[in-house]
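Protein chains: 2
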Amino acid sequence: MNQDYIKPDNWSIIEEGFHADSVKSSESLFSIGNGAMGQRANFEENYTGETFQGSYIAGIYYPDKTKVGWWKNGYPEYFAKVLNAPNWIGINIEINGEDLDLAKCKSVKNFRRELNMKEGWYHRSFEAILQNGTKILVNIRRFLSLNLDEVGVINYEIIPVNQKAQIIFKPYIDAGVHNEDANWEEKFWEIQDVNYSDNKAFVTARTFKTHFIATTFMQNTILLNGNNLNLIPSKTETASDKIQFLYETNVAQGEKITIQKIGGYTVSLNHKNTQVAAENVIESALAKGYDNLVQDQIEAWAKIWEMSDITIDGDVKAQQGIRFNIFQLNQTYLGKDSRLNIGPKGFTGEKYGGSTYWDTEAYCIPFYMATKDQQVARNLLTYRYNQLDKAIENATKLGFSNGAALYPMVTMNGEECHNEWEITFEEIHRNGAIAFAIFNYHRFTGDYSYIPEKGLEVLIGIARFWHQRATFSTKREQYVILGVTGPNEYENNVNNNFYTNYIAKWCLSYTYDQIKKVASEYPSDYKRIIEKVNITEAELQSWKKVFDNMYFPYSKEHNIYLQQDGFLDKELVKVADLDKSQRPINQKWSWDRILRSPYIKQADVLQGFYFFEDHFSKEELERHFNFYEPFTVHESSLSPCVHSIQAAVLDKMDMAYTFYLRTSRLDLDDYNKEVEEGCHITSMAGTWMSIVEGFGGMRVKNNQLHFEPRIPEQWKAYSFKVNFRNAIVKIEVNHKETNVSVEGNQAVEVIINGESQLVKN
Amino acid sequence: MNQDYIKPDNWSIIEEGFHADSVKSSESLFSIGNGAMGQRANFEENYTGETFQGSYIAGIYYPDKTKVGWWKNGYPEYFAKVLNAPNWIGINIEINGEDLDLAKCKSVKNFRRELNMKEGWYHRSFEAILQNGTKILVNIRRFLSLNLDEVGVINYEIIPVNQKAQIIFKPYIDAGVHNEDANWEEKFWEIQDVNYSDNKAFVTARTFKTHFIATTFMQNTILLNGNNLNLIPSKTETASDKIQFLYETNVAQGEKITIQKIGGYTVSLNHKNTQVAAENVIESALAKGYDNLVQDQIEAWAKIWEMSDITIDGDVKAQQGIRFNIFQLNQTYLGKDSRLNIGPKGFTGEKYGGSTYWDTEAYCIPFYMATKDQQVARNLLTYRYNQLDKAIENATKLGFSNGAALYPMVTMNGEECHNEWEITFEEIHRNGAIAFAIFNYHRFTGDYSYIPEKGLEVLIGIARFWHQRATFSTKREQYVILGVTGPNEYENNVNNNFYTNYIAKWCLSYTYDQIKKVASEYPSDYKRIIEKVNITEAELQSWKKVFDNMYFPYSKEHNIYLQQDGFLDKELVKVADLDKSQRPINQKWSWDRILRSPYIKQADVLQGFYFFEDHFSKEELERHFNFYEPFTVHESSLSPCVHSIQAAVLDKMDMAYTFYLRTSRLDLDDYNKEVEEGCHITSMAGTWMSIVEGFGGMRVKNNQLHFEPRIPEQWKAYSFKVNFRNAIVKIEVNHKETNVSVEGNQAVEVIINGESQLVKN
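First to last, the sequence lines map onto chains C and V.
Take the first sequence: its position 273, counting from 1, is numbered 272 in numbering that gives the first Met the number 0, and each next residue is one higher.
Take the second sequence: its position 219, counting from 1, is numbered 218 in numbering that gives the first Met the number 0, and each next residue is one higher.
These aren't lab readings, by the way, just hints derived from the structure by calculation.
The structure displayed is predicted, hence computed values, not measured ones.
Just so you know, even glycine gets a beta-carbon here, dropped at the ideal spot from N, CA and C.
Misleading hints may appear alongside valid ones.
To be verified - Here are some chain C residues pointing at chain V (derived, C-beta under 10 angstroms):
| id | residue |
| --- | --- |
| 1 | THR65 |
| 2 | GLY68 |
| 3 | PHE110 |
| 4 | ALA301 |
| 5 | VAL375 |
| 6 | GLU419 |
| 7 | TRP420 |
| 8 | GLU421 |
| 9 | SER472 |
| 10 | THR473 |
| 11 | ASN494 |
| 12 | GLU570 |
Bound-form chain C, shown alone:
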């Protein structure tokens, strides 16, 4: 049974009632972020119940010393981790001499959380009776400003309901934090400076090893019934890594006392002097004032929604799901900074060291291309271009040469951050997705310039890797790729994974073609690149031999490509025939049992059919889908979206809808029983794909955008927009008609019931 305490609502995530058991889950679900920083929905005031504290700053990481049971050559010595950042949200509260702590109150009533996705703020309210009998009404709103992205704002209001109260606000900033997932229980931050003046305080800390400097700051204002009391702290408590102010107030029964806390981080990634930057940013925020900051936030989110919203009529859970996904993606990454990327947990947890997986290229780029300016997707591509040297270094460590590049499975700064040999060394298909994203970017945006400018060098490094990684089998007289892990991580060290071989062949031939094209159309770029990478026609012909003679495992009996050599040797018992008590197999079975089973963690052959749909006929897709879907357990968050899209293509709409709900409400309903650890951010882009490419039937063919919408029974209507080559295309679909409107000079093909219609501005 999945969780279902989140109230269905079109625009908000809402929790009602205080349940200590769901605090950690809600801390994940109500997380807020603004692309530059983010945080779990931890309480501001002290809480002694179970909690998972987390604040994160984009681009700030720590290389933790690798922990393994058995070392293998090639493992990275250090392993970059998302770093828990100093706490700036903390406000301890003392009421008539008693600490406010929801774990210790006599009663907590009308507890409510709301994450308002339309306007980009998080609100919490409750009525509590303390052990000393004081009854209080509390309202807290918090947001991370999109416009001033170093600033977060908290408006914390208390009304003593049944008596007057002495209320002491104790806002603090604290760099004495640690990572829950630290390998060796080491501290990651060393304190450089702690200082304060008036209502402002600053703690400057530097990460060990990486030497990132972050100044964590706060500024506080106390208001009574909305009027600034112009208080300064009655007392200041400082420790080596923490500052806490005390504001003592006496509040009459029924009056409202408020602390407005401005806080956040200024970091050495962006500033030479982070202390000065912090002072400046506080000034900017104060100059705006609380009400304007709120108003700006609402407007900024309105702009995001203007381009990225998807509406679903008649199915509030589906509606809430898709908006939650779109909202979280935008909280995580806004595309302003090519040094950043999209961590699989975003700013909602620590799990999975490193920020960048192949998820970015395979799942996220389509979302960002379609809902933002093309520069955003280009920044994501540039991120890999900037890490090309490290990818070449990584391949060299594994015995490759001549500029072959293997991008890491998981990374922060281009260095590998993972250390399971079957993943780190063998899940090499990731290299393919990075090349595919370049192709996909050009296909969707029409912007070829990225390839001669940067992309071709990346493609060449990747092609060289595949060329060296394939080996010639004298037995088959074809090229084989041995010892890999495909997208289906429930198979390790297999030979000739269809997906890997296919994308390797494609990378080689696509790169070959791009070299020829750049040679003829961009001669000066060509000259620069060739001089740099030192490639010859002989090398290209040697690539051609590989891509013309790649081996793919195939079953004549089933008329399908096999996931890998020997797949048909398995006991082919379908998932439906598996006892429910055995699921999820990754929690119930030992690894060897999983490996020798036919069960597929996430789309693998079908991932290939997804990327290269136009290489195969619909009948081929159907045969492969019908063969592999019954063995797919979807125990990766990245799986249901691809199956949803393919089910829609094959007109299996019930199946498509079921997969859609699973992907869109994965975290809200906690399908995988782990949302406490954080949300599955990158798979949220998969949700977007399943609704736009699956139900919307969006494709790019012959440089033109096509739609072939198929609306699930459960919906009355739905609509979305896409930014295609700077033309905004709006699709509105209900069961009777499809409306497509275009702003800009792109023609769009819409196919309804097999009939094609061209739509222009």
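Here the structure of chain C is known, so what remains is to put chain V in place on it, guided by the hints.
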């Protein structure tokens, strides 16, 4: 280049000259043990140079908390480790106010170590000039008594050469030890009691978790020129985990002062009250006296050599090698206690947690069968019988049922002690060796009684495992075994490893046959076992379906069995064509590169041909040897011995000799550059096999012992004895003739130049 500082000698291991660089290597090579305890050749006196301190007690272990980077279901939570035991050998020495420390002397001359293998003692001598100018002559002899196996003896003599000296002996016992390989830097011992009286001291400590209690004890006697001074300590220093006595003496120039220290352990495995036991054992040792203890030791080792010695004339390095191997095996395990087993490092180091690998069954049992009473081998078999319940538990954890047993890869007490999925979960062939050893024991000793008494239950548990582990491939219409690691650990998660499939089939059919035999010949045992394991004829028939229809990968082109499915897809570059800079590949290549290469760490298909030699023709052996040997890198200590035996069978005598030297002098010459960490004890039994089965051509056929000796060019003559079915057979071979003599009522067949000759008493 391998090391070569060990002086060639027929009976001793000798080092001359003090080299700080080789201290750790020599600490391994000069290790002593008596089956019940053992220790590295650490100096008694304080040494501030590089050293690896280690004392070990058989059967005492600690379950360290498992350390992995990425947890997988089925991994053991704890991981039993060989435990560094309290130090009883320590004697700090103060001479004219200065600590004796070989790292700090003005000069050290005539430093010499000798491990006298014939008599079972270790001697160290040197001449040192201290910083204070005192020149001393030091002679130390140390041994661990074979007869009183809780007792070790040190005779530490000093002669001040150039002046009189105040010499303070400070013998101590110290339980404040740690393991170099501790996962979390925890302490493994907690102290229970520290006490002393007269010249005796006792520290009783208990291991955390396992609660083994060990009393470490010492008793000291001071002699001047051989006369007991009847000194008692002038001072006693106690700490929470240590006691040190001080004996102050004034020694005239040229006089000899001696401390005789008796020390050792009494443990709760053998005694209720370890303190009382320690007092008793000191009494026994004192009653004997030093000279008698020495004499007893010489006689006890003479008895061992009487049965196990192998002489080689004309090749002192080969002679020293084989005796070192035989000596170490006897130091490690004497077969008195079925709770003990043969750790891969014996008492010479900590590496490899756990004490028992398949090495015991595959390599060690033949040695112990042939050189000792059959009870010793039977004890080794019983060890597994006693752990059957844990093996069933282990299989259950991995999803098997109905009493299927999977013995652990590495163990102390029956629980798995390893945590790499590709080994722990997949290197399941170990189960086969355990069954094979039962067959081998019966074949060699003629003692069938073990099977109805104990062995059959083990065989049934193992057969049930294989029956469940094999799966039916509808494609092949045969049974396959997917996802295994064979003996060649340079392949992981492969399908249909020939060796594994072959031994699985053999286990099933052998067990089937034994059930039938016990049913007809041992009806009461049969009844007891059947009731216990609840087996039916239907289950047996289901086994039969598997063993009659097992699939083996085969190449028609090469006319050989393939190591696994897909082996011929590899790039088949021979080891000889590999650049030397790339060797050893396990230090130079990343794991994926090793895996996709054809290189074989240790005999795999050929291991199957070794076990089941009589199932194949000599031509078949030759084809397989010629195919696989060129791809074998022998980076496991267990590899060259099998190839040496097969090379001898195939009359490739130069190759056989080269492999022999590699296996017999692996540690003395430090082929693998790791002898510092300890010696490769179990592979030493492989050396014995290669000399007896390879050069001696010993086989059991039709219940009879056969020899077909082939003497290497390099030797003038060699001889060995074998205890075959309680008949002692002595083989003496030179280039002209072979003499076989038999004591007992067994006939022995000797084949020379193809001519057979029957030898009887």
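Tested hints:
{"no.": "1", "hint": "THR65", "in the structure": "7 angstroms, holds"}
{"no.": "2", "hint": "GLY68", "in the structure": "4 angstroms, holds"}
{"no.": "3", "hint": "PHE110", "in the structure": "35 angstroms, violated"}
{"no.": "4", "hint": "ALA301", "in the structure": "43 angstroms, violated"}
{"no.": "5", "hint": "VAL375", "in the structure": "33 angstroms, violated"}
{"no.": "6", "hint": "GLU419", "in the structure": "5 angstroms, holds"}
{"no.": "7", "hint": "TRP420", "in the structure": "4 angstroms, holds"}
{"no.": "8", "hint": "GLU421", "in the structure": "8 angstroms, holds"}
{"no.": "9", "hint": "SER472", "in the structure": "4 angstroms, holds"}
{"no.": "10", "hint": "THR473", "in the structure": "7 angstroms, holds"}
{"no.": "11", "hint": "ASN494", "in the structure": "5 angstroms, holds"}
{"no.": "12", "hint": "GLU570", "in the structure": "5 angstroms, holds"}
When the structure is compared with the earlier hints, violations turn up for hints 3, 4, 5 and for no others.
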